Amino acid sequence: MDLSLLTRRSEHEWAIEPRGKMRVPGVLFASEPLVRAMDHKVYEQVTNVATLPGILSASFAMPDAHWGYGFAVGGVAAFDPEEGVVSAGGVGFDISCGVRSLRTRLTRAEIDPRKKELADALFHTIPAGVGSRGQIRLGAEEMDRMLRGGARWAVERGYGEAGDLERVEERGAMRDARPEWVSDRAKARMRDEVGTLGSGNHYLEVQEVVEVFDEAAAGAFGLRTGDIVVSIHCGSRGLGHQIGTEALKEMLEAGQRYGIDLPDRELACAPIRSKEGERYLGAMRAAINVALANRQAITHLAREAFASVLKQADLTLLYDVSHNTCKVETHAVGGRPREVYIHRKGATRAFGPGHRDLPDALRSVGQPVLIGGTMGTCSWVLVGTESGMARSFGSACHGAGRAMSRHQALKQWHGRHVVDELEGRGILVRSPSLRGVAEEAPGAYKDVTEVVDATERAGLARRVAKLVPVVVVKG
Amino acid sequence: MAFAAPRHEHFAHDADIGVRGRGRTLAEAFAQAGMALTAVVTDPATVQETLSVALACESSEPEGLLFDWLNAVVFEMATRDVLFARYEVEIEGERLRARGFGEPVVVERHQPAVEVKGATMTALRVAREADGSWVVECVVDV
Numbered sequence: 000m001d002l003s004l005l006t007r008r009s010e011h012e013w014a015i016e017p018r019g020k021m022r023v024p025g026v027l028f029a030s031e032p033l034v035r036a037m038d039h040k041v042y043e044q045v046t047n048v049a050t051l052p053g054i055l056s057a058s059f060a061m062p063d064a065h066w067g068y069g070f071a072v073g074g075v076a077a078f079d080p081e082e083g084v085v086s087a088g089g090v091g092f093d094i095s096c097g098v099r100s101l102r103t104r105l106t107r108a109e110i111d112p113r114k115k116e117l118a119d120a121l122f123h124t125i126p127a128g129v130g131s132r133g134q135i136r137l138g139a140e141e142m143d144r145m146l147r148g149g150a151r152w153a154v155e156r157g158y159g160e161a162g163d164l165e166r167v168e169e170r171g172a173m174r175d176a177r178p179e180w181v182s183d184r185a186k187a188r189m190r191d192e193v194g195t196l197g198s199g200n201h202y203l204e205v206q207e208v209v210e211v212f213d214e215a216a217a218g219a220f221g222l223r224t225g226d227i228v229v230s231i232h233c234g235s236r237g238l239g240h241q242i243g244t245e246a247l248k249e250m251l252e253a254g255q256r257y258g259i260d261l262p263d264r265e266l267a268c269a270p271i272r273s274k275e276g277e278r279y280l281g282a283m284r285a286a287i288n289v290a291l292a293n294r295q296a297i298t299h300l301a302r303e304a305f306a307s308v309l310k311q312a313d314l315t316l317l318y319d320v321s322h323n324t325c326k327v328e329t330h331a332v333g334g335r336p337r338e339v340y341i342h343r344k345g346a347t348r349a350f351g352p353g354h355r356d357l358p359d360a361l362r363s364v365g366q367p368v369l370i371g372g373t374m375g376t377c378s379w380v381l382v383g384t385e386s387g388m389a390r391s392f393g394s395a396c397h398g399a400g401r402a403m404s405r406h407q408a409l410k411q412w413h414g415r416h417v418v419d420e421l422e423g424r425g426i427l428v429r430s431p432s433l434r435g436v437a438e439e440a441p442g443a444y445k446d447v448t449e450v451v452d453a454t455e456r457a458g459l460a461r462r463v464a465k466l467v468p469v470v471v472v473k474g
Numbered sequence: 000m001a002f003a004a005p006r007h008e009h010f011a012h013d014a015d016i017g018v019r020g021r022g023r024t025l026a027e028a029f030a031q032a033g034m035a036l037t038a039v040v041t042d043p044a045t046v047q048e049t050l051s052v053a054l055a056c057e058s059s060e061p062e063g064l065l066f067d068w069l070n071a072v073v074f075e076m077a078t079r080d081v082l083f084a085r086y087e088v089e090i091e092g093e094r095l096r097a098r099g100f101g102e103p104v105v106v107e108r109h110q111p112a113v114e115v116k117g118a119t120m121t122a123l124r125v126a127r128e129a130d131g132s133w134v135v136e137c138v139v140d141v
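Top line first, the protein sequences correspond to chains A and B.
Heads up: the first sequence at position 290 corresponds to 289 in numbering that gives the first Met the number 0, and the numbers run straight through without jumps.
Heads up: the second sequence at position 51 corresponds to 50 in numbering that gives the first Met the number 0, and the numbers run straight through without jumps.
Because the hints were derived from the structure by calculation, they are not lab data.
These numbers were taken from a predicted model, which means no experiment stands behind them.
No incorrect hints appear here.
What the simulated footprint calls covered on chain A by chain B, stretch by stretch (three residues with Cβ under 8 Å from a Cβ of chain B suffice, anywhere in the stretch; the number is not a length):
#, stretch
1, 62 to 73
2, 125 to 132
3, 179 to 190
4, 403 to 416
5, 426 to 435
For each residue, glycine too, the CB sits at the ideal point set by N, CA and C.
Produce the entire structure from the sequences given, and follow the hints as far as they go.
Below is the structure:
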């Protein structure tokens with residue numbers, strides 16, 4: 000991105016001053032090298048979002064922002080409930096894609112001798128990759144219960160424990176989900192996919208805490224150096240995508256009817272207070288529940304796999320975050336609290352200390368913010384801060400982001416070599432597809448550490464712990 | 000001018016992938032774009048023809064028809080766990096009717112790399128080349 004287009008507000012905050020049809024400024028949180036490396040498309044997309052009706056404060060981009068459909072991935076925008084719009088492109092197609100991390104009460108020293116068995120057990124227990132199917136086949140009524148109940152439904156079905164739910168956003172079940180507004184085609188794509196990891200950049204990793212940056216927060220999160228944690232990255236599978244695709248078409252027509260001027264088709268949106276807007280919100284909330292149910296079911300499978308290899312394992316939730324959502328939250332706008340509809344696309348909710356939605360055990364510290372890296376580098380646990388609440392409506396980065404296309408990656412790496420090279424470094428990879436591994440090679444991604452550093456320096460969230468992969472199950 | 004054989008190809012697009020089909024007719028180009036979808040997942044040469052699936056869609060614009068066609072193929076791939084080795088496509092005005100020939104996914108043989116989740120409206124294009132042939136393209140989300 001051309002720096003001359005931006006006003007530098009501070010070391011890690013850059014503004015696009017309002018011009019033309021922009022209603023608010025654009026604000027990018029990133030270091031100078033990250034801004035320079037960003038595609039010019041991010042500039043255009045942040046600018047486009049700033050033109051949408053009812054947008055409040057600014058159109059934000061997180062440090063890992065890159066080109067997306069309509070909104071940039073890493074885009075955050077809050078809208079007024081009466082004047083504002085909701086956009087499927089502002090949520091992303093993999094609705095409620097997110098990360099769940101579990102503590103295990105195990106240390107690296109305990110798992111090392113059993114690592115191979117553990118990797119095999121996880122790979123055999125958790126369906127991953129194209130064409131994999133779950134153990135549950137949902138009839139029409141059960142489907143609707145899942146769409147309404149999310150992780151809560153999964154726990155009621157025996158997939159996990161009631162105590163898990165308080166460490167999931169929305170306490171495990173997104174309110175106001177409307178299964179009747181989810182199409183039959185979307186439901187058909189989910190009939191037997193609960194408890195499957197999917198493919199692409201989705202994974203389950205066994206990770207070691209290698210460094211702690213904030214002893215107090217790490218203590219509250221139950222993390223110490225040498226501890227083993229499990230992280231699951233996946234979303235709402237085909238159902239979320241089907242809802243997004245159908246909404247995109249419906250909103251394109253609706254937008255014209257409501258006289259919304261669109262600079263880009265993928266930015267299609269509808270007024271929050273319109274039939275189309277409400278239909279999308281109801282269906283999107285149901286898709287959030289699918290992702291929550293899915294991560295809960297996978298948690299159950301991970302517990303089974305661990306129990307079969309390491310009986311002393313005790314997997315408890317650290318937290319579960321979603322990074323593709325639109326939610327109703329209360330934030331300070333112009334110095335007073337008000338209700339807003341906030342889109343976070345490839346951005347993690349990062350509530351600061353004291354927030355009423357956090358469970359008792361975490362309230363005084365702040366929300367765990369779980370950031371996925373690559374299978375060869377590292378992942379991060381951050382914590383939400385008061386300054387993040389003020390700067391970005393309580394939002395932070397979400398991950399590394401690709402540095403090159405799948406095509407380029409395939410030319411550059413062989414799956415077998417990637418697996419062997421990682422094994423040489425003590426990381427066991429299990430995947431049904433070597434081509435998939437090549438396309439997801441660590442070198443195809445940007446440096447997540449640079450993103451996390453910028454997130455902290457911009458005041459959006461604070462670093463708590465660094466995790467490195469030990470076992471990777473890749474879809 | 001000699002016309003090159005119908006073919007499919009990919010073009011790079013950030014985190015996702017572009018599919019492109021070329022053909023002497025619009026229907027042939029659509030069929031090739033469908034083959035490009037298979038190639039996102041696996042080498043189409045590894046896919047056998049043991050079953051066939053009927054597909055249909057309708058749209059008033061050519062780009063809309065391509066968007067709906069690719070999404071219809073994705074839906075069948077996702078819900079039936081199949082890969083297609085070949086398509087027969089007919090387009091009459093706003094209506095498309097097709098048959099896809101393929102087989103269920105066999106993980107060991109196909110080594111499926113990634114699921115295609117859907118077509119997008121990015122780089123969505125239906126165009127006629129100078130030699131009268133057709134090219135259709137679209138970025139698909141994976």
